[in-house]
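Protein chains in written order, with our numbering: chain A, 317 to 722; chain B, 317 to 722.
Hints were generated in silico from the structure; no laboratory data involved. Keep in mind the model is a prediction, meaning the values are calculated, not measured. Mixed in with the good hints there might be a few duds.
Copies of the same chain look alike in the list, so a pair counts if it works inside one copy or between any two.
Capping the alpha-carbon separation at 35 Å, the derived lysine-lysine pairs in DSBU-like fashion look like this [stated by the list, open to error]: (1) Lys341 - Lys426; (2) Lys331 - Lys635; (3) Lys586 - Lys718; (4) Lys691 - Lys411.
Number of protein chains: 2
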Amino acid sequence: MLFNLNELSKSEYDKIINRSKAKIKKVTPGVEKIVEDVRKRGDSALREYTKKFDRADISDFRVSNEEFKEARQSVGAEVVEALKNAKKNIEHFHKRQLKGGWSYKKGGAKLGQIVRPLESVGCYVPGGRASYPSTVLMATVPAMVAGVKRIAVTTPPQKDGKVNSTVLTACDIAGVDEVYRVGGAQAIAALAFGTDSIPKVHKIIGPGNVYVTAAKRLVSDEVAIDLPAGPSEVLIIADGSANPEFVALDLAAQAEHDPDACAVLVTTSKELATAVKNKKINGIILVANSIEDAISFSNEYAPEHLQIMTENPGKVLKKIKNAGSVFLGNYTPVACGDYASGTNHILPTGGFARVYSGLGIFDFVKFISVQEFDKTALRRLSRTIIALAEAEGLEAHAKSVKGRIK
Amino acid sequence: MLFNLNELSKSEYDKIINRSKAKIKKVTPGVEKIVEDVRKRGDSALREYTKKFDRADISDFRVSNEEFKEARQSVGAEVVEALKNAKKNIEHFHKRQLKGGWSYKKGGAKLGQIVRPLESVGCYVPGGRASYPSTVLMATVPAMVAGVKRIAVTTPPQKDGKVNSTVLTACDIAGVDEVYRVGGAQAIAALAFGTDSIPKVHKIIGPGNVYVTAAKRLVSDEVAIDLPAGPSEVLIIADGSANPEFVALDLAAQAEHDPDACAVLVTTSKELATAVKNKKINGIILVANSIEDAISFSNEYAPEHLQIMTENPGKVLKKIKNAGSVFLGNYTPVACGDYASGTNHILPTGGFARVYSGLGIFDFVKFISVQEFDKTALRRLSRTIIALAEAEGLEAHAKSVKGRIK
C-alpha cells in the first residue's frame with residue numbers, strides 16, 4: 317500500500333500509528349486459571365498443562381547434563397561457531413552499558429550509589445513452531461554480565477519431551493545450566509511462585525506469545541517482569557540514496573516473523589516508493605514531503621526497529637526521539653541486531669519505545685543510593701530538614717535530627 | 317517486641333519478612349469503574365469524583381498563575397529556603413546518575429547507545445490529610461534533570477478547591493507550572509487517557525494510596541508506570557556502638573508515617589536491644605548472634621530504608637544486596653534522605669528492593685542502541701547472522717544479508 321503521508325486521513329493515520337498490540341485482555345481469564353492452578357498444585361499442574369498444550373509427557377522438568385551433551389553433538393559446527401561469536405559480541409556491547417557505583421563528598425557528607433545484581437532471574441524462551449537460540453543469548457548474556465547468580469531458562473518441550481538442541485546449545489554457550497522443559501503461562505507461574513521442581517525467581521524476562529504476556533502481567537505483584545512483548549515491527553526512513561532492493565529485503569524479513577508484524581517505509585523519494593511497491597512486498601509505503609516530516613512521523617510511531625537509509629543517517633539520528641534499536645545506512649539490516657552485532661533484540665513494540673528501553677544491563681541490577689553524614693554535616697542540613705518535616709507535619713522526623721545535634 | 321533472630325519460628329520469621337503490601341486486589345473492581353468512567357466521560361467524570369471524594373467543586377482543573385503567586389506569598393521564608401536548598405541537592409545527586417551516550421568502533425562497524433528523555437510525565441503527589449511538598453521535588457526534579465519537556469503534576473484539592481500552598485510553591489521552585497487539582501484514581505485515569513482539560517502523558521510516577529496504586533496498575537497497558545508504592549519501612553542494623561536514643565528516634569519517625577509502616581531493629585547487642593525496648597517505641601527488635609546473621613536477614617527483608625549504625629558501616633555496606641536507600645552511621649537519620657541529602661525518597665517497599673531501584677534519572681530516559689555497518693563489516697559478520705537465521709528458519713532474514721554482500 318502506498319500513501320502520501322501528508323494526505324492521510326486522520327483515521328488512516330491513527331490506524332497506522334495504533335498498530336496491533338498483544339491482545340492480553342481477551343485471554344486473561346483463561347490464563348488466570350492456569351496461573352492459579354500452578355500456584356496451588358505445582359508440578360502436577362505443570363505436567364497436566366504440558367501434556368495438554370505441548371503434547372509431551374514430562375517426568376523430570378530439569379534438563380539433564382546428558383541432554384546438554386547430546387544437544388551439543390547434534391548441532392552443526394557452523395551454528396556452534398555462530399552462537400559463540402554472537403555471544404562474544406553481545407557480551408562486549410552489554411558490558412559497555414554498565415555504569416559502576418560512584419560517590420562524592422560535600423563537607424562532612426558522603427553521597428553515592430552502589431550497583432547490585434538481582435539475585436535470580438527466569439528467562440522465557442519461546443518455542444513451539446520455531447526455535448529461538450538467539451533469544452537465549454539476548455536474555456541470558458546481559459544477566460550474566462550484570463552478575464546475576466542464578467539464571468534459569470524455561471522453554472516449551474517438543475512432543476518427544478526434549479528441548480530443541482540449538483536452544484540447549486545456546487544455553488550451554490551462554491553458561492546457563494538450569495533449563496526447564498516447560499512453556500506457556502504455566503512456565504511463568506512456576507517461575508513466579510515456585511514448584512517442587514522449579515524454585516521461584518525474582519524477575520521474569522523474555523518474549524512470548526499473548527498467553528505468556530498475560531501470565532507475566534498476572535504475576536507482576538509477586539515478581540518483577542520486563543516490558544510487554546508484541547508483534548515485531550520495522551520502520552525505515554529513506555531518501556533517494558537508499559537501495560530499493562535492500563529496502564525490500566528488510567521489509568520482507570520483518571514480514572516473515574508473524575502475520576501481525578508491521579513493516580513501514582517512509583520516504584522522501586517517490587521513485588524509491590514506486591520501486592519498492594513494484595516488488596510487491598507486504599508493508600505500508602508512505603511518501604513524505606520532507607525528511608523532517610518523515611522523522612516526526614517516525615517519532616510518533618516509535619518503532620521497535622528503525623532503519624535510517626539516507627545520505628547522512630547520523631544527521632537524522634540526532635532528531636530521533638523514540639525507537640528501540642536503530643540501524644544506519646544501506647549495509648545495516650535489522651538482521652544484524654537480531655543476531656550478532658551485540659545490541660539486544662528484546663525491544664519495545666507497539667509504541668512502547670516512547671517510554672521503554674530495550675532489554676539491557678539495567679534490567680538486571682538495582683541502583684542503591686547511599687549517604688553518610690557526620691555531626692557537622694547533619695547540623696548544616698538540619699534547618700532544611702526540620703523546616704520541611706514540620707511543614708509536612710512529621711514531627712518525629714524533625715526530632716530525629718534535633719535529637720542528634722542538640 | 318523483642319525476639320532472638322535465631323530463635324524465631326518459621327511462621328514468626330515469615331510474618332516479619334512478608335510485611336504488608338498495598339492491598340490492590342480488593343479495591344481493583346471499584347477503581348476500575350472510576351477509571352473507565354473517566355476514560356469515557358472525561359472532565360465531567362473528574363468533576364463528579366472530585367466532588368464525591370474531595371468535597372470540592374472544581375470549574376478549572378489547572379492551577380492558575382495567580383494561584384501560584386498567592387501560594388508563594390503565603391509560605392514562610394524558611395520553608396521556601398528549605399525547598400530551594402533541597403531542590404539544589406536533589407538536582408546535584410541526580411545529575412550524577414546519568415550516563416550519557418557512548419559508542420565504539422569494531423572494524424567497519426560502529427555500535428553505541430543514545431539516551432533520550434521521555435517526552436511527557438505525570439507526577440502524582442498525594443494530599444488529603446497531609447501535604448507532601450518534598451514528594452513534588454523528588455518526582456519532578458529528576459524528570460527535569462533528565463530533560464523531560466512536559467511535566468504535569470496532579471494532586472487532590474482541599475475542600476476549598478485550592479491546592480496546598482507549600483505543594484504549589486514546591487512545583488514553582490522545581491520549575492513546573494502545569495499543575496492540576498485532581499487526585500485519586502480519577503487523576504491517574506485522566507493522565508493516562510487524557511481529558512479536555514488534562515492532556516495525556518507517556519508515564520505516570522509518584523506514590524499514592526492503594527486506590528492510586530490500583531489505578532496505575534489498571535492503566536499500565538496505556539502508559540508506563542513506576543514501581544508499586546506501599547507502606548514505608550526502615551530496617552536498622554546496629555551493634556553496640558549505636559546510640560540507643562538515636563535508634564529510638566528513627567524507629568519513632570518511621571512509625572509516624574502510617575499505621576502499616578514497619579520499623580525493625582536487628583542488633584548484635586543485647587544491651588542496645590533492651591535500651592531501645594525500654595523506650596517503648598513501636599517496632600520489632602531482633603537480637604542476632606552475629607553481624608553476618610543481621611546482614612543476611614536484612615538482605616532477605618530488602619528494606620526500603622536501611623540504616624547501618626555499626627562501628628564500621630562501610631564494611632557492612634559491602635555485603636548489602638538489597639535495599640532502597642542506605643544511611644550510614646549515627647548521624648544519618650532517614651530524614652536526611654526523606655528531605656534534603658539529594659537522594660530520592662520514592663523507593664521500593666514491601667521487599668521490592670530485591671528487584672527495583674528507587675526513582676532515578678533512568679526512569680525518565682530511554683537507552684536506544686545504534687549500529688552502523690559498512691559492506692566489509694557486514695560481510696565479516698554475515699556467516700554468523702546467516703547461520704543463526706537459517707537455524708531459526710528465518711530465510712528472509714538470511715536473505716537480507718546475502719542480498720547485500722553478493
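Here is how each hint holds up against the structure:
1. Lys341 - Lys426: Neither way: Lys341 and Lys426 sit 48 Å apart in one copy and 41 Å across, limit 35 Å.
2. Lys331 - Lys635: Close inside one copy (24 Å), not across copies (52 Å); limit 35 Å.
3. Lys586 - Lys718: between (73 Å within a copy, 26 Å between copies)
4. Lys691 - Lys411: between (39 Å within a copy, 26 Å between copies)
Hint violations for this structure: number 1 only, all remaining hints satisfied.
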